[in-house]
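Visitor: Below are the chains, spelled out letter by letter.
Protein chains: 2
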Amino acid sequence: MAVYTEVSNDDIAAFLAEYEIGQALSFKGIAEGVENTNYLLIAERATFIVTLYEKRVRPEDLPFFLGLIEHLAERGVACPRPVHGRDGKVLRSLCGRPAAITTFLPGIWHHRPEPRHCALLGEALAGMHLTSADFPLRRANSLSVLGWRPLYEALNGRADELLEGMSGELDGELRRTETDWPEGLPAGVIHGDLFPDNVFFERDRLSGLIDFYFACNDFFAYDLAICLNAWCFEPDGSFNITKARHLLSAYSRVRGFSADELAALPLLARGAALRFLLTRLYDWFNHADGVLVKPHDPMEFYRILRFHQGVTGPGAYGLDQAA
Amino acid sequence: MAVYTEVSNDDIAAFLAEYEIGQALSFKGIAEGVENTNYLLIAERATFIVTLYEKRVRPEDLPFFLGLIEHLAERGVACPRPVHGRDGKVLRSLCGRPAAITTFLPGIWHHRPEPRHCALLGEALAGMHLTSADFPLRRANSLSVLGWRPLYEALNGRADELLEGMSGELDGELRRTETDWPEGLPAGVIHGDLFPDNVFFERDRLSGLIDFYFACNDFFAYDLAICLNAWCFEPDGSFNITKARHLLSAYSRVRGFSADELAALPLLARGAALRFLLTRLYDWFNHADGVLVKPHDPMEFYRILRFHQGVTGPGAYGLDQAA
Numbered sequence: 001m002a003v004y005t006e007v008s009n010d011d012i013a014a015f016l017a018e019y020e021i022g023q024a025l026s027f028k029g030i031a032e033g034v035e036n037t038n039y040l041l042i043a044e045r046a047t048f049i050v051t052l053y054e055k056r057v058r059p060e061d062l063p064f065f066l067g068l069i070e071h072l073a074e075r076g077v078a079c080p081r082p083v084h085g086r087d088g089k090v091l092r093s094l095c096g097r098p099a100a101i102t103t104f105l106p107g108i109w110h111h112r113p114e115p116r117h118c119a120l121l122g123e124a125l126a127g128m129h130l131t132s133a134d135f136p137l138r139r140a141n142s143l144s145v146l147g148w149r150p151l152y153e154a155l156n157g158r159a160d161e162l163l164e165g166m167s168g169e170l171d172g173e174l175r176r177t178e179t180d181w182p183e184g185l186p187a188g189v190i191h192g193d194l195f196p197d198n199v200f201f202e203r204d205r206l207s208g209l210i211d212f213y214f215a216c217n218d219f220f221a222y223d224l225a226i227c228l229n230a231w232c233f234e235p236d237g238s239f240n241i242t243k244a245r246h247l248l249s250a251y252s253r254v255r256g257f258s259a260d261e262l263a264a265l266p267l268l269a270r271g272a273a274l275r276f277l278l279t280r281l282y283d284w285f286n287h288a289d290g291v292l293v294k295p296h297d298p299m300e301f302y303r304i305l306r307f308h309q310g311v312t313g314p315g316a317y318g319l320d321q322a323a
Numbered sequence: 001m002a003v004y005t006e007v008s009n010d011d012i013a014a015f016l017a018e019y020e021i022g023q024a025l026s027f028k029g030i031a032e033g034v035e036n037t038n039y040l041l042i043a044e045r046a047t048f049i050v051t052l053y054e055k056r057v058r059p060e061d062l063p064f065f066l067g068l069i070e071h072l073a074e075r076g077v078a079c080p081r082p083v084h085g086r087d088g089k090v091l092r093s094l095c096g097r098p099a100a101i102t103t104f105l106p107g108i109w110h111h112r113p114e115p116r117h118c119a120l121l122g123e124a125l126a127g128m129h130l131t132s133a134d135f136p137l138r139r140a141n142s143l144s145v146l147g148w149r150p151l152y153e154a155l156n157g158r159a160d161e162l163l164e165g166m167s168g169e170l171d172g173e174l175r176r177t178e179t180d181w182p183e184g185l186p187a188g189v190i191h192g193d194l195f196p197d198n199v200f201f202e203r204d205r206l207s208g209l210i211d212f213y214f215a216c217n218d219f220f221a222y223d224l225a226i227c228l229n230a231w232c233f234e235p236d237g238s239f240n241i242t243k244a245r246h247l248l249s250a251y252s253r254v255r256g257f258s259a260d261e262l263a264a265l266p267l268l269a270r271g272a273a274l275r276f277l278l279t280r281l282y283d284w285f286n287h288a289d290g291v292l293v294k295p296h297d298p299m300e301f302y303r304i305l306r307f308h309q310g311v312t313g314p315g316a317y318g319l320d321q322a323a
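In the order they appear, the protein sequences are chains W and E. So for the first sequence, this note's numbering puts the first residue at 1; every next one is plus one. So for the second sequence, this note's numbering puts the first residue at 1; every next one is plus one.
Errors might be hidden in some of the hints.
If chains are identical, the list can't say which one is meant, so a pair holds when it fits in one copy or spans any two.
[Claimed, not checked] Below, a list of computed lysine to aspartate or glutamate pairs in the EDC-like style, where the Cα atoms sit at most 20 Å apart:
1. Lys28 <-> Glu6
2. Lys89 <-> Asp61
3. Lys55 <-> Glu114
4. Lys55 <-> Glu18
FYI, nobody ran anything at the bench for these hints, they're computed from the structure.
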């Protein structure tokens, strides 16, 4: 959510010479994206986003991310489409960082999504899951269940500074999740980070999914569990079952759930809460002074985790077998 | 250079209902402006900038700033024009902050301006000075010579932490400037902060002057001295007399200098260097941990000040009486 790399006019002019989109009429750093620098570029032909990939993105993952959004956009998923240079490439270098140009998507994101937005999200997410089926590249989810314990260890018990006893609780939760995590559920490419700020709406239409830089191969239902946590809890921490029902039933109309997926949903939601709680705790205790990004409050996901611990079946999410 | 206030979609929708520019198609926080929050708004009718005025801008100064740019824009100066709401007002409130919508100016700023850009700047600055002549409001320059000593006192000798002996040097420089500061030079509304990032170019045309939030009444030649410091020194600290000659001679073709102004220029440039050195030192030692803006390096202006201390007449800036 910050501009980490300043790009001069000479830099951008030289960069744009490799494309056929004309010169820059306007070029402004924008507060968007998790860890990258983004500029809004108004060029002679159209409007674009220029992204410089900063240190948290591994360059070797970029062909996966850029290939994925191209694959999806070509098949009608509302997501940015990478722009090819004169040489055919979509990835080159700008100010010493890997960089790419993608198409600009109009729309605004909703800080407080309503049930109808959750339904549109469910529909789009299922569409994305189906559309990625024949995408040939693969990327393992380094932030799935096996990646959580190293994060926990790196915290060194400091979670207790936020809440006495949290560290022990997390250890128990981790053990349980490691033991019970499901196997063999329907899987494919998931977005992995579909929070409201990554979903644009234009009036009553979902106009774009953005920020695919956590995309990877994992269970589809785990992606849905991430959305459940990110979209269906109110600012006061309460769970909004109406939003959940809209999300899940719209999803299932496009891609129906298996019985196994449905049964696994409470544990997946619990795992998804644990994953974001751990990364937020890590960022909370490890952000350097003077960084430009305020870390998110980890306690939000502690409360979400506590909610799911009390869930006994998918009915708690408004979903019954008939959905 | 950061987004201090997050504006939700509901907030902006309610705000835009007061205007006749249609709904928001896109609304993105941008890294622009000194101390305010700016959003780029693509509305149905056109593209705009929405500015929320943060704590460093005094609300009582806003009628001056907004009135000034409206006055200038109406008379052909390339600067943002405030958009009037249905009720005729240009200033209202958004997320608890004073806020205004202004027109969007295309163009990019030059990190390393060339002599021709300095000439375009000189021409535009002189035009702005002439055009503001009949602007009826006044605002004193709180950062003119009498405002510098309080800044110096607030440093409490800490300049020595950056360079041993700097504090004493600054005291001497201040005394000299306070004693010798000129009186009675041609005066009017100055921009006061016309650094390269506040000047947009579109191909070979100057397309916009922005960020008038230091504008005030002062000597015109002092504004030019600020530009001399901001535009004519190279990254290595050397003075580029070609750029200075382009700046000053283009200016003087639009608004000719008096002999007094010309003679005062070395002292005004010295004072302008001192002013930015003092504010940068103040920000350097007083920025709160966790603020989103990296303070500028004060030493850049120490070196500029040292350069001007060695100047004996306006010829050092490439300008002779005949210009």
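Visitor: Against each hint, give a clear statement of whether it holds in the structure.
Guide: Structure-based check of each hint:
| no. | hint | in the structure |
| --- | --- | --- |
| 1 | Lys28 <-> Glu6 | both (10 Å within a copy, 18 Å between copies) |
| 2 | Lys89 <-> Asp61 | within (15 Å within a copy, 51 Å between copies) |
| 3 | Lys55 <-> Glu114 | neither (35 Å within a copy, 33 Å between copies) |
| 4 | Lys55 <-> Glu18 | neither (24 Å within a copy, 43 Å between copies) |
The structure fails hints 3 and 4 (numbered hints given earlier, in ascending order).
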